[in-house]
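Undergrad: Here are the chains, one letter per residue:
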Amino acid sequence: MRTTALTPLLLLALLAGCRDGRMASAVERDSTTLRQREATLASRLGDAPPDSTTPIARWVLPPGLSEISGLALTKDMRLLAHNDEAAVIYEIDYRRGTVVKQFMLGDTPIRDDFEAIAVAGERLFMTTSKGRVFEFREGPDGAQVPFTVHDSGLAKECEFEGLAFDSTDNALLLACKRILTKGLKDFVILYKWSLAGGLKTPPEEIRIPVADVIQGTRFKRITPSDITVDPHTGHYLILASQERSLLTVGKDGSVIGLRSLPPGHPMAEGIAATPDGLLIVSDEATKTPATITLYRVR
Amino acid sequence: MLFKKLIDVLTLGSEHPVKRLIAYYTVLVAVMVLLATFFPTVDRLLGGQGPSGQVMAGELLTDGLAGAAPPAAEIASKRIELAITTVAMLLGALLLMLPVTWVYMSTKASNQGHNQQVAQTLIFLPIVVAGIVMVVQNSLALAFSLAGVVAAVRFRTTLRDSRDVVYVFLSIAVGFAAGIHNLIVAAIVSAVFNFVLIMTWRYDFGRNVLQPTAAGHWGEPLKELAATAGDSSVPDRDLMMSLDQKQAATLAERFERVQSLLGPRGKKPRYNGILSVSTEQLTEAQAIIEGVLEKMTRRWKLDEVDTNEGKPSGLYYLVRVRKDTVPDEIITEIRAQGGDRVINAELEIAPENKVKKNDKFSQPQPA
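Protein sequences appear in the order of chains A and B.
Everything in the first sequence is counted per numbering that gives the first Met the number 0, starting at 0 for the first residue and increasing by one.
Everything in the second sequence is counted per numbering that gives the first Met the number 0, starting at 0 for the first residue and increasing by one.
These aren't lab readings, by the way, just hints derived from the structure by calculation.
Just so we're clear, the structure is a prediction, and the values are computed from it rather than from any experiment.
Take the hints with a grain of salt, since some may be wrong.
[Stated by the list, open to error] Residues from chain A that face chain B, not an exhaustive set, calculated with beta carbons under 10 Å: (1) Ala56; (2) Trp58; (3) Lys286.
[Unchecked claim] Here are the computed distance ranges between Cβ atoms for each label pair: (4) Val191/B - Val99/A: 44 to 50 Å; (5) Asp29/A - Lys4/B: 41 to 47 Å; (6) Pro288/A - Met104/B: 46 to 52 Å; (7) Val99/A - Met104/B: 50 to 56 Å; (8) Val191/B - Thr53/A: 43 to 49 Å; (9) Thr107/A - Ile83/B: 25 to 31 Å; (10) Asp243/B - Asp140/A: 55 to 61 Å.
[To be verified] Residues from chain B that face chain A, not an exhaustive set, calculated with beta carbons under 10 Å: (11) Val54; (12) Ala56; (13) Gly57; (14) Glu58; (15) Leu60; (16) Thr61; (17) Ala65; (18) Val325; (19) Pro326.
Where a beta carbon is used, it is the ideal one built from N, C-alpha and C, also for glycine.
Given only the sequences and the hints, what does the whole structure look like? Please build it.
TA: What follows is the structure, given as structure tokens:
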């Protein structure tokens, strides 16, 4: 009977031993793929002219990231992304097309309508559509990190969709997708919320006249879906999902330019720009799977 | 058979239901741990992380510029994973519902018996539900499908015992949990449900504490009966102990009725036998039987008529057989006169010495 009872334990030990071997071969296979991808991207970067409208990489995201919403880059150029329903943050290696890690806010992921993410040094922020900004720190893979919530108090003024960090002003930028205040319907509204004040002071409003933006186009309005700061010029890059356009404005809200996104962006929800001249756009899944697409703009 | 032997080893051959349940779940958990250790996919399924529901660190993204369609090997790999996942989920649901069906069949009262259809439904239902949920995989749709499944199962199933509904709901719960790749929840629900159910059955939970149990009511009289008879045990004592209050009351009423017919203790009883007849033509059979009894017994009395629909009715007579009459002659006569109208007839005569003591008396079978 003792032998019979020991048999499952022996089997378990045997399988546990085999497992390491199997995992090792999977890692080896993946690392080969990653090396190939890195080489391919370097080759495409070398060939691509600056300001190209041809993507140099497009990664198809798994169904778990089908509702990808915001993008943000850390100081050391790692890309963070999140879904819009739960506070789970993913790090994506955009050069090699792999998910590096994930961590979540709270013991179980907080569920809300998360719209965008921004990185300010070591501090990370995510905003909901009602202007509640969650502040937290980056965690290791699988971590459940603590957070604090700052309320902008602007839920009645607008529905937020974009968030970015302007390092020169040490402030968060919130982009308004739908304006709820009657008198402001003719503007694209941004809010600048100073971190110096500990997010206690009221956000400062930046008005961009819609007429200035849409002149010479067929658009009637502009509906921002994300915002980022161009690391070279300091201009604000505003992604407009419905219009499939990219609006560039100065810090004071002056319109610098509006250009169409290249084809292949059915629902662009997130944008990030790297100092080495890459523009990264994320698209939610529609009839096609969610993607992140890289362009060389410099 | 190997599984049964393994459980026998773990329980040291015990037939105790709780020990066997614990052994079953232990083996199941061990197998799951083994599979989760060896196959990461199974590990994800146990924790509610479906293969397509959660993004894992280290996951390679598909290159959207490499070609319109992913490589054939990748497609095949994903399909195999989906197939393994589906089989694992369905098997998991099945393995978790098996002990539930055993508990269901074991804990039903012996006189009611379990409903075989319900037992089989408990096996089939979670498999189907898991399949539905795996196909739906969306919270809003889950809510609708849950409502649909519950409505369909509940209102198209006639259940004798309202508690049977709970088994069906459990079956749905296990199916749903398996369908959304959360076998751990399914396992815990299944295990806790079974143990709670066995405990409530073992301790007769929910009985009216102000009323004595059948065992309490009849235990001592039965012991006394056994002791007076000089035997070491009463044959059906265990069966008597398992009666509920309603059954015990019915039996008590019958005992009292028979006792009143037998007459006071110490005197010669008025009747010494019970005639049981099964018939589908009650009126005609009754007339024939009573004619025979009038002719061949010293006295007789109709004790009970058990009328049934769809199956033979029963007639029970208390009789005092004449000394010069052989009991088999009465049966022969009843069969001869009754013909097809009498399906079965039995005459049980109490031994004279025991009848005199009023200790034992052959009882008519309970209806």
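Undergrad: Give a verdict on every hint.
TA: Structure-based check of each hint:
1. Ala56: Result: holds, 6 Å to nearest chain B Cβ.
2. Trp58: holds, 4 Å
3. Lys286: violated, 14 Å
4. Val191/B - Val99/A: 44 to 50 Å: The hint (44 to 50 Å, Cβ to Cβ) is violated, given that Val191/B and Val99/A are roughly 39 Å apart.
5. Asp29/A - Lys4/B: 41 to 47 Å: For Lys4/B against Asp29/A, whose Cβ atoms are near 42 Å apart, the range 41 to 47 Å holds.
6. Pro288/A - Met104/B: 46 to 52 Å: holds, 48 Å
7. Val99/A - Met104/B: 50 to 56 Å: holds, 52 Å
8. Val191/B - Thr53/A: 43 to 49 Å: Cβ of Val191/B to Cβ of Thr53/A: about 59 Å, so the range 43 to 49 Å is violated.
9. Thr107/A - Ile83/B: 25 to 31 Å: holds, 28 Å
10. Asp243/B - Asp140/A: 55 to 61 Å: For Asp140/A against Asp243/B, whose Cβ atoms are near 58 Å apart, the range 55 to 61 Å holds.
11. Val54: holds, 4 Å
12. Ala56: holds, 5 Å
13. Gly57: At 7 Å from the nearest chain A Cβ, Gly57/B passes the 10 Å test, so the hint holds.
14. Glu58: holds, 4 Å
15. Leu60: Holds: closest Cβ of chain A sits about 4 Å from Leu60/B, inside 10 Å.
16. Thr61: It holds, given that the least Cβ distance between Thr61/B and chain A is near 4 Å, below 10 Å.
17. Ala65: Since chain A brings a Cβ to about 8 Å from Ala65/B, closer than 10 Å, the hint holds.
18. Val325: violated, 60 Å
19. Pro326: Result: violated, 56 Å to nearest chain A Cβ.
Violation of the numbered hints given earlier is confined to hints 3, 4, 8, 18, 19; the remaining hints are satisfied by the structure.
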